[in-house]
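Engineer: Chains as they are written, first to last, in numbering that gives the first Met the number 0: chain A, 0 to 428; chain B, 0 to 428.
By construction, these hints were calculated from the structure, which means they are not laboratory data.
Every value quoted in this text rests on a predicted model; they were computed, and no experiment measured them.
C-beta atoms are modelled at their ideal positions from N, C-alpha and C, and glycine is treated no differently.
Misleading hints may appear alongside valid ones.
[Unchecked claim] Where chain A lies over chain B, by a calculated footprint (3+ residues, C-beta under 8 Å):
1) 56–67
2) 89–102
3) 107–120
4) 149–156
5) 291–301
Number of protein chains: 2
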Amino acid sequence: MRWVLIKNLKSHAGEEVEIRGWLYNQRSSGKVRFLILRDGTGLVQCVLTKEEAPGLFDLAGEITQESSLKLTGTVREEPRAPMGVELSVTGIELISRAEPYPITLKDHGVDFLADRRHLWIRSPRQAAILRIRSTVEQACRDFLNSRDFVLADAPIITPNACEGTSTLFEINYHDSRAYLSQSGQLYNEATAMALGRVYCFGPTFRAEKSKTRRHLMEFWMLEAEAAFLDYEDNIKLQEDLVYHLVQTVLERHRDDLRLLKRDISKLEAVSLPFPRLSYTEAVSLLNEKGHSFQWGDDFGAPDETVISESYSSPVFVHRFPAKIKAFYMEPDPKNPEVILGADLIAPEGYGEIIGGSQRISDLSLLERKIKEHNLPVDQFQWYLDLRRFGSVPHSGFGLGIERTVAWICGIEHVRESIPFPRTLYRMHP
Amino acid sequence: MRWVLIKNLKSHAGEEVEIRGWLYNQRSSGKVRFLILRDGTGLVQCVLTKEEAPGLFDLAGEITQESSLKLTGTVREEPRAPMGVELSVTGIELISRAEPYPITLKDHGVDFLADRRHLWIRSPRQAAILRIRSTVEQACRDFLNSRDFVLADAPIITPNACEGTSTLFEINYHDSRAYLSQSGQLYNEATAMALGRVYCFGPTFRAEKSKTRRHLMEFWMLEAEAAFLDYEDNIKLQEDLVYHLVQTVLERHRDDLRLLKRDISKLEAVSLPFPRLSYTEAVSLLNEKGHSFQWGDDFGAPDETVISESYSSPVFVHRFPAKIKAFYMEPDPKNPEVILGADLIAPEGYGEIIGGSQRISDLSLLERKIKEHNLPVDQFQWYLDLRRFGSVPHSGFGLGIERTVAWICGIEHVRESIPFPRTLYRMHP
């Protein structure tokens with residue numbers, strides 16, 4: 000008997016197949032029993048009648064939630080079923096009978112579920128989110144690979160504090176002080192000068208005392224950097240990437256999005272080019288909407304939400320005041336008080352998903368900026384070398400995966416967008 | 000003028016193009032000057048004659064190593080050139096003149112180069128290794144994606160010590176003790192029960208007081224896990240994967256392998272199926288070769304080298320004594336003293352590149368093994384839950400990327416197979 004994944008059942012209509020998985024739920028209407036089996040790729044309804052197979056019918060009734068089993072049966076087209084097919088069961092092999100499963104089909108509290116994250120991820124909703132995350136991550140890579148970017152993994156253990164020390168996790172590195180990386184960007188700039196176009200894609204860490212629905216202590220970030228890429232090229236690269244992510248999920252995960260009750264029309268409304276708003280225009284927009292905000296301040300989550308509400312696509316806010324942005328951002332030659340960079344703010348209040356900029360390529364300007372930001376110049380000598388030896392205009396960006404997935408899936412909290420979230424008060428399981 | 004990457008020049012023969020990059024070297028034979036330009040995708044020789052362009056000829060002579068520039072010119076087929084083409088230069092735009100470059104074309108010591116890793120990676124040899132690394136990493140993903148595996152990132156910050164505490168990097172997690180992950184496997188087992196077939200691919204950390212040429216403190220590992228995959232399926236999956244990696248590099252990186260002076264015939268000799276040797280047979284082989292080794296001991300690097308020398312493909316050594324392997328490995332039902340797992344040893348003395356096994360699926364056996372290994376049972380309750388609720392036979396493995404890349408590239412030391420290596424005495428730059 001051929002073992003078939005549930006997601007592929009549609010192409011086996013009329014055939015007898017085997018499926019393997021776990022019992023998600025069952026219900027019975029007297030003489031017909033419906034087993035809902037999940038195998039990680041989808042859910043399918045499997046049907047038994049008392050009349051046709053009384054033995055199996057009784058056996059099935061005793062199978063507990065999350066027990067593992069193999070079912071054999073015939074695939075039948077069934078337009079009313081979520082997968083378009085169901086299975087007429089001809090055989091059941093119980094592999095392991097589950098103890099009473101703690102996560103029942105009723106609602107549970109967040110802490111209860113978080114304590115059982117290793118089981119919670121089996122629920123159809125969580126599994127759908129994780130499948131979409133996997134696709135988003137692969138789509139990031141496919142997009143950059145197709146544009147000649149080379150993966151160059153940045154180190155996690157780092158001696159430098161790239162953007163200040165207050166939010167760093169410190170580790171003891173064979174009796175030296177080291178930190179967990181907050182960004183691979185400085186390393187990306189070095190590898191871009193070696194390989195031309197590069198990206199890194201790994202975990203990054205921020206020890207922020209923050210417990211908003213947008214923050215994790217450990218999150219994954221895609222960071223791309225390219226030699227000879229200017230501010231404008233950089234913006235276009237980013238919008239093409241994000242558009243590609245949305246289209247790829249729409250193409251491959253209709254079923255998962257429906258299961259998540261995502262308003263798909265909101266994703267379909269995303270279109271190129273993305274709107275662009277200067278920081279100064281964004282401040283005016285906030286003020287017009289009765290939202291008090293001073294030029295020179297940084298946006299908080301509520302400000303980003305207000306800005307995003309005016310657009311159906313992600314919106315670039317560009318040319319922030321240099322004072323509130325990282326030291327390495329290239330000043331706008333037309334107005335050096337602002338930088339040639341932009342944040343990309345997701346629709347529907349999901350906040351900033353990308354930060355990017357052209358980088359300073361002039362050695363003396365970069366040295367001055369490091370000092371102005373009170374950073375230790377000696378620790379940045381290697382980074383300054385990139386300007387001593389064949390400096391070129393270059394740009395890059397970082398995309399936060401959890402926020403991007405949360406937005407595309409339409410979920411409330413980023414903690415559901417990663418298999419095992421690390422939050423302020425939680426690193427278990 | 001169209002900007003073309005050096006790797007793509009071949010398909011522009013006869014056209015006038017622009018290339019952008021850095022001066023790797025130049026030489027002159029009186030009236031002809033040869034500039035070797037690198038752009039991260041390859042090297043190309045660019046030719047100027049004094050007769051045709053006296054001004055450019057003199058300008059070019061003053062360009063220092065690693066200066067950044069744009070060159071325009073006509074692509075000419077040249078069978079003797081490494082790329083098959085060269086450029087007849089018609090224009091030079093110097094972007095930034097490099098200060099005297101520390102890494103000249105003569106030999107330098109390892110520490111000198113390691114201190115300048117951010118520049119060393121620009122050398123043709125290092126760049127070739129990193130390009131191959133990028134391809135190997137993507138080929139891992141493509142292979143698993145094509146077999147319905149879903150990426151499920153494992154956490155880096157972990158509360159548990161999966162395989163003992165002596166080699167863990169400890170971090171302060173908001174005043175709790177936490178560790179940097181040594182393996183995502185336990186988490187993979189949880190996500191496999193949710194998603195069916197999964198992999199994680201991230202940095203892992205071992206605080207080993209080891210400074211051999213095979214060890215790094217921070218290295219990347221591909222770990223795959225699948226429900227309903229048994230020992231035999233697992234072995235086949237691994238050999239198909241490793242074979243795919245070798246074939247992909249042979250297909251796409253002939254030029255890079257030649258630049259590395261890799262003996263390509265050794266890679267071409269890799270064939271399926273890979274040889275398999277039980278641990279007991281391996282002990283006999285060692286003894287036959289006059290290598291003293293006791294049944295029950297673990298292999299060291301010299302033992303693995305001796306074993307690998309008998310084969311042109313990677314070789315599986317299977318059914319190790321349970322006592323020297325991790326607690327979660329399924330005992331062989333025919334002989335419970337050994338486990339249903341295997342290490343894959345690379346040819347040419349590159350050592351173990353994969354460790355894998357079927358996992359224990361029986362709750363009480365797993366509980367007993369945890370106790371026998373003196374591990375804290377309470378910390379493994381979540382892991383035991385995977386056997387309480389729908390346990391299934393499942394297997395998986397972990398592939399070390401740096402060793403795999405070192406073997407494929409034929410390089411001496413794993414430190415050259417990652418952009419910024421972290422070794423016992425070095426975490427800079």
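Engineer: Run the structure past the numbered hints and jot down the numbers of the failing ones, going up.
Structural biologist: 5
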